[in-house]
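Undergrad: Knowing the structure of chain A, use the given hints to seat chain B on it.
So the sequence lines, in the order shown, correspond to chains A and B. Sequential numbering of the first sequence, starting at 575, is according to the numbering used here. Sequential numbering of the second sequence, starting at 575, is according to the numbering used here.
A couple of the hints might just be wrong.
Heads up, the list lumps identical chains together, so a pair's fine if it works in one copy or across two of them.
Straight-line C-alpha distance at most 30 Å; calculated DSS-like pairs for lysine-lysine [as the list claims (entries may be wrong)]:
| no. | residue 1 | residue 2 |
| --- | --- | --- |
| 1 | Lys921 | Lys859 |
| 2 | Lys921 | Lys625 |
| 3 | Lys859 | Lys991 |
| 4 | Lys921 | Lys991 |
What the hints contain is simulated information worked out from the structure, not anything from laboratory work.
Number of protein chains: 2
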Amino acid sequence: MSSMFNSLLLPDLRQMLEENDAAGLREFCEILHPAGVAEVLQDLSSADVWKVLSHCGLVRQVEIFEHLSLTRQVELVDLIGRDRLSKIIEEMSPDDRADLLNRLEPARVEALLPLVAQAERADIRKLLSYPEHSAGSIMTTEYASLPVNITVREAIDRLRQQAPNSETIYYVYILDADRHLQGLTTLRQLILARPDTKLVDLVNRDVIAVRVDDDQEVVAQQLGRYDFIAIPVIDNQNRLVGIITHDDVLDIIQEEAEEDVLRAGAVEPFEDGYLETPLRTIAWKRGVWLVFLSLMALVTAWIIDRFEYVSEQYVWMGAFLPLVLASGGNTGSQSATLVIRLMALGKPGRGEKMRLTWREVVVGLMLGGFLAAIDFVFIRFWFGRTWTESFVVSATVGGVVLLGSLWGTLLPLIFRKLGMDPALMSNPLIAAFMDMMGVLLYYSIALTLLGTVAG
Amino acid sequence: MSSMFNSLLLPDLRQMLEENDAAGLREFCEILHPAGVAEVLQDLSSADVWKVLSHCGLVRQVEIFEHLSLTRQVELVDLIGRDRLSKIIEEMSPDDRADLLNRLEPARVEALLPLVAQAERADIRKLLSYPEHSAGSIMTTEYASLPVNITVREAIDRLRQQAPNSETIYYVYILDADRHLQGLTTLRQLILARPDTKLVDLVNRDVIAVRVDDDQEVVAQQLGRYDFIAIPVIDNQNRLVGIITHDDVLDIIQEEAEEDVLRAGAVEPFEDGYLETPLRTIAWKRGVWLVFLSLMALVTAWIIDRFEYVSEQYVWMGAFLPLVLASGGNTGSQSATLVIRLMALGKPGRGEKMRLTWREVVVGLMLGGFLAAIDFVFIRFWFGRTWTESFVVSATVGGVVLLGSLWGTLLPLIFRKLGMDPALMSNPLIAAFMDMMGVLLYYSIALTLLGTVAG
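The shape of chain A in the complex, shown without the other chains:
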């Protein structure tokens, strides 16, 4: 999205580029917050972006680079000379660096690594080895840590030295000689304490941490619950291996919400913004779903076809088919949405699942009865169908609403049980499933109440 900010700066920037105004371009890079610079740059071609960035110093260059979208970063990698690129990669924060390298071809990464300093190289290989969406894959290794047997004065002195290589110095982790996590203190506590206080008297021993192989959802839940600025990541031996900061958790939460919303609309999530994604990718991410849903609709067609002898006799029934199917689909979408959301916030226990299903059955009965009554009145008095005909339609509506509530609850639970993402149970998928149930119920009730002419 372009802000007003952009539209004001962009023309000036374009002119500076045309005139090759080195001083102006350097000033542009340094006067704004790096995130602001990155936002303005997004409207330029990658070649122009690099032309701008090449005018500023390495540290600022990297700060801006880290705020660009991943797709843009990947494009820039092709434009930047290998020597400069290895410097940029060395300077990047470990978590952003791992995200970028994960997006490059493995061969490419192997070609780059020898140019990167030895210490950074080990760190890169380590971070690249964690599975996607694990705490390890999103953490940074640049944290502030202290031994426990020093005073507050010494602690603050050491923090000053660590600051340039720490993503935050507001949370300080207390480690023993083997890097086991012993406790936590904050810069706030250090500032408030007397300089000769012993660190051991300040430390909070009750540290909330996540494990390196925990899913990013767990990280988001923990940090969100405790309102931390950062959360420590430990390995199986309780050794501190990294931290995840609040801003990265914000990104995770947005990413997960994005995924849930897209899946609810039967779109497979994709990595970049909608307007930056090629049309064929979008068509593919949607087409897969549409074809699958079409096949389900063809099965529904086949079921209706089996009942052709009923349709022929009661042609009027066709008019209310969309009403019947929509009622089931809509209630099913609602229930599935509520259940999926509930599961996104935490894993429900057995008791909660039972309670949930029971609640949905009760709500289904309430809603089904209510809708059936409304529809009955309309069908009898607006459409002028007979009492029995009106009853066939409204009884089916009541039935599919109850079934929709029940299946909308059970299907995501079953998906989860099978180890699949319950959010795959999109609104259109539930609707397609309920279409099948709906036609079966509609014709069964009609056959029972209206009967058929002897063939």
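TA: Same frame as chain A, but now just chain B:
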């Protein structure tokens, strides 16, 4: 969601309550992080929660109280004596306090306020006056601020004094005598600077702030973009009136995502967790939508009824009605989901809206052509309909997919233009709208290609 943590502690806690073990209950309150205590307490009745809390000191009591859900806080208010309650309200952080008081009856609040200290009372009235979802309604007034004409040594001394009444001292705002926001410095910068450095040499003048009447979405976007721990809130005269911290923004983002997901599934958002919300509230939040969608389906039924002479002659058409309608509804849901998501991330400009619509038309053509081809093959060769009949169905599918793409894009944009939340354009609502379009197109194409027997 109950965690393992809870199930381990809960039995002990229940026993302590039964035995009235004052020392044990006090220890329980103080040994865990307040958020942890609050989590365990959520499984107790409100009377028991207050029984536990009454055993600990005011400061800890308030810390735990603030971590309870708002519904629970409101229930507790009825159980706590007026004197204690006024102490708790005085001690609460201004933003959490405003959230609670906003949930109480106005008469109740007026009865409580006289018991609260004068200074707090003015602050409360001020915060309660901001409209819901505005920056003012979520900010806290407890920030750290300094004048510019002092040294770093003095600055740190003053911060020590302000710490007890500041939500964070990591970001420090520089104000002139009239509280105009002049700049920002961080505790990190202060720690790294020499003690006799003048503050004026450290200050960042380029401060990103939000206005007190900005929507909370703007706050979330700005803080998220710049990775801040807190963002300052200013009034129309550029005076600092509060700050919003990263943890509150996390809550906002989760709340907004929740709303979007629920709306996509045609459920009106509600304030508490699903399992805590009364069944009649849930039935109401869903029933409103279902009735509205039913009325739309009845209009669709009326349209089909107008075409009864066609249905009577071509009874086979009924079997493919669900396929035709689903194709339009599914594509419409996909497009609407993408557009609504795009708008949630920022306000698209005119050019972007045009580009978006154009992209959706192209994707609609691609998907429509592809699905029409697949359906044609199935209908001709599996169902054995004639070439013309198969063409009628598949041409309709192609048409509704294109229309679904187009209307799925335009309807949320129109909603926004009318000042309504585009997320109201739920998947079922789009589907209901596309049902009407779908039947019209289906019968029109059939009439054109197949003709009718002269009545």
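Undergrad: Each hint should be assessed against the structure and marked as holding or not.
TA: Consistency of the hints with the structure:
1. Lys921 with Lys859: both (28 Å within a copy, 24 Å between copies)
2. Lys921 with Lys625: Between copies only: 29 Å across, 49 Å inside.
3. Lys859 with Lys991: both (25 Å within a copy, 29 Å between copies)
4. Lys921 with Lys991: The answer is within: 11 Å in one copy meets 30 Å, while 39 Å across copies does not.
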